[in-house]
Amino acid sequence: MRENLPVLQVVVPLLAAPLAFLVRRPRLSWLVALGAAFWAFFAALSLLTGVLASGAIGYEIGGWEPPWGIEYRIDELSAWVLVIVSGIAAVVLPFARASVEREIERDRIPLFYTALILCMTGLLGIAATGDVFNVFVFLEISSLSAYGLIAMGQNRRALTSSYQYLIMGSVGATFIVIGIGLMYSMTGTLNMADLAERLPAVAASRTIPVAFAFLAVGVSLKLALFPLHLWLPNAYTYAPSAVTAFIASTATKVAVYMLLRFFFTVFGAAFSFEVMHLDRILMPLALVAIVAMSLVAINQENGKRLLAYSSVAQIGYMVLGISLASVLGVAAGVLHLFNHALMKGSLFMAMGCVMYRVGSCRVEAMAGLGKTMPFTMAAFVVGGLSLIGVPLTVGFISKWYLVQAALEKGMWGIAAVVLLGSLLALAYVWKVVEVAYFRPPPDGPGVREAPLSLLIPTWVLVAANLWFGIDAKTTAGVALRAARMLLGAGS
Amino acid sequence: MDDRVILRVGAKVLIPFILLFALYVQFHGDYGPGGGFQAGVIFAAGFVLYALVYGLGNAKKVMPPAVVHVCSALGVMIFAGTGVVTMLLGGGFLDYNALAHDPHHGQHWGIFSVEAGVLVTVFGVMVSIFYAFAGRRSS
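As you go down the protein sequences, you meet chains Y and E in turn.
First residue of the first sequence? That's 6 in the numbering used here, and the numbers climb one at a time after it.
First residue of the second sequence? That's 4 in the numbering used here, and the numbers climb one at a time after it.
Derived SDA-like pairs (lysine to any residue); straight-line CA-CA distance at most 25 Å:
1) K63(E) with R113(Y)
2) K63(E) with D112(Y)
3) K63(E) with L27(Y)
4) K376(Y) with N307(Y)
5) K64(E) with R113(Y)
6) K63(E) with R30(Y)
7) K64(E) with R30(Y)
8) K64(E) with R29(Y)
9) K63(E) with V28(Y)
10) K376(Y) with L471(Y)
11) K64(E) with D112(Y)
12) K64(E) with V28(Y)
13) K64(E) with L116(Y)
14) K414(Y) with V296(Y)
15) K64(E) with L27(Y)
16) K63(E) with R111(Y)
FYI, nobody ran anything at the bench for these hints, they're computed from the structure.
Work out the full structure: start from the sequences and follow the hints.
Put into structure tokens, the structure is as follows:
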């Protein structure tokens, strides 16, 4: 059991997905999905403690030795991402029951949970595997189920935004598989560790830089790096609330994980940053994303869309940290993976509570909610403070490390942009807070506070925002170890 | 419909052979080209031909959509379940050697079981997609 944990992490949710469909009853399939998410969280936590105690864990699928067979490889970074994905799933699923019953037709609920668990399976698989083609397969599993999930939104525009995401996501996945194919044609291997050994010998060819470029663009599409983010705002806005909360806190994080894996583990930091100068592209784009997307967020009239643009800006912070290519910078990026999942998860779940009671996420519709839904809006405020980066929240920890990493390299301008981003975040969070707290509620039947089944999961994430904001020793420790591993082994 | 006697009789003659050929492709997949995916598609093609000639309503009587949907899910469970069985028998995930004393037999049974899962899911998904598209106008 224990030695099979790396694969059970993925296989148990994979088995739970068809089971959630076969049981047919909405409540039962929810229970199956919940069980799978809790199992995945438990498995991820024990893998993380195992990796921290005794180093990376390898697993041979079907007893075939790597590099011939598919290998699952859990190191500090993959265990970290596994914890993020499964942890968010374990919080979103309790939240989903009431929210989904309100937003999705009854006979589609089993299909919904099947797709949600499949999506989680795909995301976990990307993090667990040590084989680049396997990454692509799991990427398709998670993306295809995500398109289906987004299309189940109530608004008819959910269909077009899902289609938009399908087109952009497929272009991204195609670019990734072209990059993988080119690497395979030059080295004859798909195993990450083996690729890392064989690539330097052929790196001088024309093919490998082309593979590098295809992978860079494909992964950037998937992680919604400005200006390849156009699929994201609509997808997040029109998806069902629980889906937005889950996908916003996990899917782009796993794409950032792919970025780290490909460019640090497979190509190696030396090739990526000293030969190919990836930072010269990533850094300006990240800086533009932080400023421009925060400005766009201020002008949004829909709460979910506002947070979606804020997500593109926040991805900018992660990519910015990575583009510094120093231990502190990469650690800041890895740390922000986790911290951003916590803040966006709680903010989108607060939006889900608003959607449940008000039936709309337009900022105008939130007038007076500070009085009528005090706990929901308080959760939004704490999440918003975290987004801004106020001390005692996780947002502060991320920005602290990011600013330190920038100053370490003497890049004062970057530190200034990070602080400017915080000011802009204050502006768009304030926009919602002002309407909710300083406008009188509209006349007519009053809105009640969201039910406890929605509030408790939301507040669990809010509490995590504060907990890891006050005691960042564990999270920062893991992030630093992952960053050292990425920069040490890859070069 | 009644005036297309040749089509109807022709389809009736062909369908059993199509299904049989699907099973040949499935079981011969161990030794030659073929396997679960191709077999599933061919098997589904038999039902698609039936639906085209005899109408969607009749096809849904022969192969109800509920059964097709269950097939799509069941195949995944057969595939992943094989992996779980090998783990329970003390091997790794999909380590077929654990399935029998003789590794050769183990590998054979493992591949057979996994390919059966692929057949069931591919068949289910193919027919579901056909039903979904074919049913659009009438519903």
